[in-house]
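Asker: Now for the letters of each chain:
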Amino acid sequence: GESVGLHLPTLSVQEGDNSIINCAYSNSASDYFIWYKQESGKGPQFIIDIRSNMDKRQGQRVTVLLNKTVKHLSLQIAATQPGDSAVYFCAETISGGYQKVTFGTGTKLQVIP
Amino acid sequence: DTAVSQTPKYLVTQMGNDKSIKCEQNLGHDTMYWYKQDSKKFLKIMFSYNNKELIINETVPNRFSPKSPDKAHLNLHINSLELGDSAVYFCASSQTGTGASSYEQYFGPGTRLTVT
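Chains Z and G, in that order, give the protein sequences.
In short: position in the first sequence from 1, add 306, done, that's the numbering used here.
In short: position in the second sequence from 1, add 3, done, that's the numbering used here.
The set of hints was computed from the structure by calculation and includes no laboratory data.
For clarity, every value in this text was computed on a predicted model and none was experimentally measured.
Glycine included, every Cβ here is placed at the ideal spot set by N, Cα and C.
Hints may be right or wrong, so weigh each one.
Chain Z residues, not near chain G, derived (Cβ > 10 Å throughout) [to be verified]:
#1 Leu317
#2 Ala335
#3 Lys362
#4 Gln364
#5 Gly365
#6 Val368
#7 Thr369
#8 Leu371
#9 His378
#10 Ala385
#11 Gln387
#12 Gln416
#13 Ile418
Below, computed lysine to aspartate or glutamate pairings styled on DMTMM-like, alpha-carbon distance capped at 25 Å [said to hold, decoys possible]:
#14 Z:Lys374 to G:Glu107
#15 G:Lys47 to G:Asp21
#16 Z:Lys348 to Z:Asp390
#17 Z:Lys406 to G:Asp73
Examples of chain Z residues lying across from chain G (beta carbon under 8 Å, computed) [to be verified]:
#18 Lys348
#19 Gly349
#20 Val393
#21 Phe395
#22 Val407
Given only the sequences and the hints, what does the whole structure look like? Please build it.
Answerer: As structure tokens, this is what we get:
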């Protein structure tokens, strides 16, 4: 289940199940969104991105869904594996020029073997 | 070969000291960044340089001074270190362009700074 508050939100998932990580973004002008994965002791790593003219994009075992109406983004991981355990960040930006990328607060995914 | 490297990986120092963190990327990118990640994992941009020119400067104390001697290097110097500076600092790089890849940032392994 999920826990929020002072600690990093955590999602615990059984190995082999599907994971869904949610993110609410803040800027309605943002038109490009990215998901990053950060393993313990490492820097964030790009997973998948999506432009605002799309509502779904699929990668290998991952799918990103975008709902611009409610400013919501989700990352679905199929058949979650122990190697998926990490902190996942959504990020938003406005394309064009030198716009900064703003990261969300992150969700910790724990995969239970 | 490491794409984005940072030195040192760990830095423990006392309040009031001055320290530097170095970053190098061998990806041929033209834009580099410094981020600060706090104990709650919140990742916030500090600075961004494009071809050695400062393009993003968030509300960071002027004790922090970035320097980019060339587009493959971006160093961060911190004066008069304070307890609140303790965090993990990440360097990142990207290549500007019109495609989606211009927003894909490659991060270094981080430098954990502890101020005592």
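Asker: Confirm or reject each hint.
Answerer: For each hint, the structure was consulted:
{"no.": "1", "hint": "Leu317", "result": "holds, 14 Å"}
{"no.": "2", "hint": "Ala335", "result": "holds, 15 Å"}
{"no.": "3", "hint": "Lys362", "result": "holds, 16 Å"}
{"no.": "4", "hint": "Gln364", "result": "holds, 15 Å"}
{"no.": "5", "hint": "Gly365", "result": "holds, 13 Å"}
{"no.": "6", "hint": "Val368", "result": "holds, 15 Å"}
{"no.": "7", "hint": "Thr369", "result": "holds, 17 Å"}
{"no.": "8", "hint": "Leu371", "result": "holds, 17 Å"}
{"no.": "9", "hint": "His378", "result": "holds, 20 Å"}
{"no.": "10", "hint": "Ala385", "result": "holds, 25 Å"}
{"no.": "11", "hint": "Gln387", "result": "holds, 22 Å"}
{"no.": "12", "hint": "Gln416", "result": "holds, 14 Å"}
{"no.": "13", "hint": "Ile418", "result": "holds, 21 Å"}
{"no.": "14", "hint": "Z:Lys374 to G:Glu107", "result": "holds, 21 Å"}
{"no.": "15", "hint": "G:Lys47 to G:Asp21", "result": "holds, 22 Å"}
{"no.": "16", "hint": "Z:Lys348 to Z:Asp390", "result": "holds, 14 Å"}
{"no.": "17", "hint": "Z:Lys406 to G:Asp73", "result": "holds, 21 Å"}
{"no.": "18", "hint": "Lys348", "result": "holds, 6 Å"}
{"no.": "19", "hint": "Gly349", "result": "holds, 3 Å"}
{"no.": "20", "hint": "Val393", "result": "holds, 6 Å"}
{"no.": "21", "hint": "Phe395", "result": "holds, 7 Å"}
{"no.": "22", "hint": "Val407", "result": "holds, 6 Å"}
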